[in-house]
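Protein sequence lines, in the order shown, are assigned to chains A and R. Residues in the first sequence are numbered consecutively from 1, following full-length UniProt numbering. Residues in the second sequence are numbered consecutively from 1, following full-length UniProt numbering.
Rather than coming from a laboratory, the hints here were simulated on the basis of the structure. Glycine is no exception: its CB is placed at the ideal position from the N, C-alpha and C atoms. Hints are supplied without guarantee of correctness; some may be wrong.
Restraint ranges, calculated between C-beta atoms of paired labels, are given here [to be verified]:
no.: 1; chain 1: A; residue 1: E92; chain 2: R; residue 2: K186; range: 51 to 57 angstroms
no.: 2; chain 1: A; residue 1: N18; chain 2: R; residue 2: Q414; range: 55 to 61 angstroms
no.: 3; chain 1: A; residue 1: N135; chain 2: R; residue 2: T415; range: 30 to 36 angstroms
no.: 4; chain 1: R; residue 1: S221; chain 2: A; residue 2: T182; range: 54 to 60 angstroms
no.: 5; chain 1: A; residue 1: D23; chain 2: R; residue 2: P61; range: 57 to 63 angstroms
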Amino acid sequence: MDHNLLSKIATNNGHGENSPYFDGWKAFDANPFHPQHNPDGVIQMGLAENQLSFDLIQKWIESNPSASICTPQGAFGFKETAIFQDYHGLPEFRTAVANFMNRVRGNRVKFDPDRIVMSGGATGAHETLAFCLANPGEAFLVPTPYYPAFDRDLRWRTGVELFPVVCESADNFKVTREALETAYKKAKLANVKVKGVLITNPSNPLGTFLDRDTLKDIVNFVNDKSIHLVCDEIYAGTVTNGDEFVSIAEVIEEVPKCNLDLIHLVYSLSKDMGFPGFRVGVVYSYNDNVVNIARKMSSFGLVSTQTQHLLASMLSDDKFVENFISESRIRLAHRHDMFTRGLAQVGIGSLESKAGLFFWMDLRRFLKEPTFESEMTFWRVIINEIKLNVSPGQSFHCSEPGWFRVCFANMDDETTLVALWRIKTFVRNNRNLEIKTRKQCWQNNQHLRLSSRRLDDILTPHRMSPHSPLASPMVRAQN
Amino acid sequence: MLSEKVTCNSHGQDSSYFLGWEEYEKNPYDEFKNPNGIIQMGLAENQLSFDLLQSWLEKNPQAMAFKNYNNQSIFKDLALFQDYHGLPAFKNALVKFMSEIRGGSVSFNPNNLVLTAGATSANETLMFCLNNPGDAFLLPTPYYPGFDRDLKWRTGAEIVPIQCSSLNGFRITKSALEDAYKQAEKQNLKVKGVLVTNPSNPLGTSLSLHELDLLVNFISSRNIHLVSDEIYSGTVFSSPSFISIMEVLKNKNLMNTEIAKRVHIVYSLSKDLGLPGFRIGAIYSNDERVVSAATKMSSFGLVSSQTQHLLSEILSDQNFTKTYLSENRRRLKERHEMLVNGLKKSGIWCLPSNSGLFCWVDMRHLLSSNTFEGEMELWKMIVYQVRLNISPGSSCHCSEPGWFRVCFANMSEQTLDLAMQRVKSFVDSMAKQDNQSRHQKLMNRNSRRTKSLPKWVFELSFHQQEIVANER
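Next comes chain A alone, as it looks inside the complex (with noise of 0.2 angstroms):
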């Protein structure tokens, strides 16, 4: 077969799916656990979804039958939904999508519904955006770690190129000023034209987000080198505690002579709401020409009418949108406690978080070696001997072996148990593994505040529910 006859895109790995991680995700759909069914099978903790609030939806919809133009209720507007093809997308949409985002931050901010620009998901918006923004050759500054298929979404077929900003758990992996300013200089002495950066507030797979200094900081570090700054807010509605949040929106009101053209947004509704499924996608600029290109761009990946009518429907209804937002955030953060509680219990930590899916954890200490071969082997105990499919940190271009990304907002609580269970069991059944002890893993955590306040926290339990894994009579019985 003529190797030639395909396109170099087509025949390369740009796409990224030959990478190992995927090892993970092939045990699970080989053998993926099901409390009846499969209850040895290995349980997915590699995908970042938001199941935990679809009862709040589903009920919604029930009560709002013609938001579905397939109802009888909703049949008479049909046509005139299948036939819309307008790129501008249908403005009851767009004003629905910026006023949920308005909600999402707390009314901080009020985003106009005419640079709102649909696309495939946010995978398709990043792609639009480095087409958009760079030409082949060009390179984005990416902070590490970073979600893997950045390096498929924004590279594979637009030729643009990442740079690591390498961000360190000495930090507790924060952006610094001083970080970009050496994965610039890094750039230019590799001879790459640098066209901006691409964060992610909250960020994947931190689950931390940004204070407003370090947002200002970044700010004024794209305006002095006049490059862009894109920022990836698909986590917004997951922060515990919304009023902490800043988004870039915000900042940018509160830095002089920003110019606005170098910022744009990333928005997706697939982690808020919980729907991957309908692909909605969107990119905000306050450059308008790229307002402009991005919106024709747009044709290769609009959204459904069909789910553009659901939607424009479901997210003007204020009182279902603020009901959700917070309730989310709610179940979310519990669900989060339960893990990092489950997981300190038996001196596992995780960085600090109150956003995202998903904790950074740390292993550092399984490691045989400080060495990412290390982290690798380790990972492979996790997936087939402990059967949880979770994300090696290495995946995330981090900088440093040891952590892992572990989702857990993808499950009910019943699995969620038994993953604790089974990581529990293990710890406990392997304490040869712990090569470091316990006084000098202490000593690295200092910064990450772990194991001893959540031990505490457990001694004098405040936040009991029928729940809680404490309450849980698998989790005394393991006690």
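Assemble chain R onto chain A, guided by the hints.
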């Protein structure tokens, strides 16, 4: 500060095809609110059979409210479903539908089908898979204006036209194919394939067996790809019946060969079912590497799971699809005849056609000069004076001026009738004006050098006889 893709014009939206749309947007016809507005005849939409879909929806409530046949909610499962392999039930139903359109002469394997956000995305994705930047595809002219954007803009692909001529009804010939290939070589472009639309947009004709044979032989000898955009395959309303490229491969016993692996089909439900808003497109390929790469790329434009579910329910109802396809074709045929006959009354002839949502209309005799400037001048008169948005042939890269694409399936009968009346008035007034002008010129003949009069003045009365003679 921005990329070259932003600052260049490859999105193609400065072309007249889109300018006409803009004029329409400023002054759209409405039977009651704006009866003097511009009638949209530049939009290839199928609005004739919504009642059939609507009545199916009313009879099948479970498809509607995110419920399965056991009345259980499937909302959560759908909302979470983002697997780029697509909903199996939908792909199974879609391949059956595609087969049904082809009269069961070919069957399709759902594993070779990749779902994309509309044919727009399917075509772009195929270019990313088959072409390196700077490589070229050959396209017969005239072709769909959107291809300039879909195939070239972000992919860096080039298009080299296969010039087709009105002398043989714009059919693809061997020499035209070879000329195009040579032309590409002259421009130092590597030809990776041929892309045809079958049935053709804007011609409204389906490719003949002879043309399909030519194409297969051509790609076979040059070792290149063939992309067959078959999005209008369900709109073939009269003979000759539609022949899919897959059928040709099957009949030539080429199905499991290397040649078959270089043939790819693009499909969509935007035209046959009239659902452009739902963004349902597909690539079908016999090459598993193309399927694999295209599937991964579809991440950038997946079909909403909500929509996949609805369509899987509709298309699985084979009683419905059978009725729909035949009734839809009947209505298209009727409407097509209305347009053809209406234009005939104005002395305007259409390329004989058997499919599509439009006619390829010959207005060469109305040009003031046999040039593209003349075509633009006539087009502007039609948009602003006659108040019809039709698409000039130049926007479709036609090599001869004077041809226009006129859509007939996106409006009511009354609106089409009104459009025909406006055309008649326009043509009559042009004849009157030119008679007056001819009289004036005759008066001034001795005082200055006579300019040659537009051909149509002389041809008008003869043209009507030509139509009768050529009708087939």
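To see whether the hints hold, each was checked on the structure:
Against the hinted window of 51 to 57 angstroms, the Cβ-Cβ separation of E92 (chain A) and K186 (chain R) comes to about 52 angstroms, which satisfies the hint. Against the hinted window of 55 to 61 angstroms, the Cβ-Cβ separation of N18 (chain A) and Q414 (chain R) comes to about 59 angstroms, which satisfies the hint. For the pair N135 (chain A) and T415 (chain R), the supplied restraint of 30 to 36 angstroms is violated, since their beta-carbon distance comes to about 46 angstroms. A C-beta distance of roughly 56 angstroms is found between S221 (chain R) and T182 (chain A), which places it inside the suggested range of 54 to 60 angstroms.
Between D23 (chain A) and P61 (chain R) the CB atoms are about 44 angstroms apart, so this pair departs from the stated range of 57 to 63 angstroms.
Violation of the numbered hints given earlier is confined to hints 3, 5; the remaining hints are satisfied by the structure.
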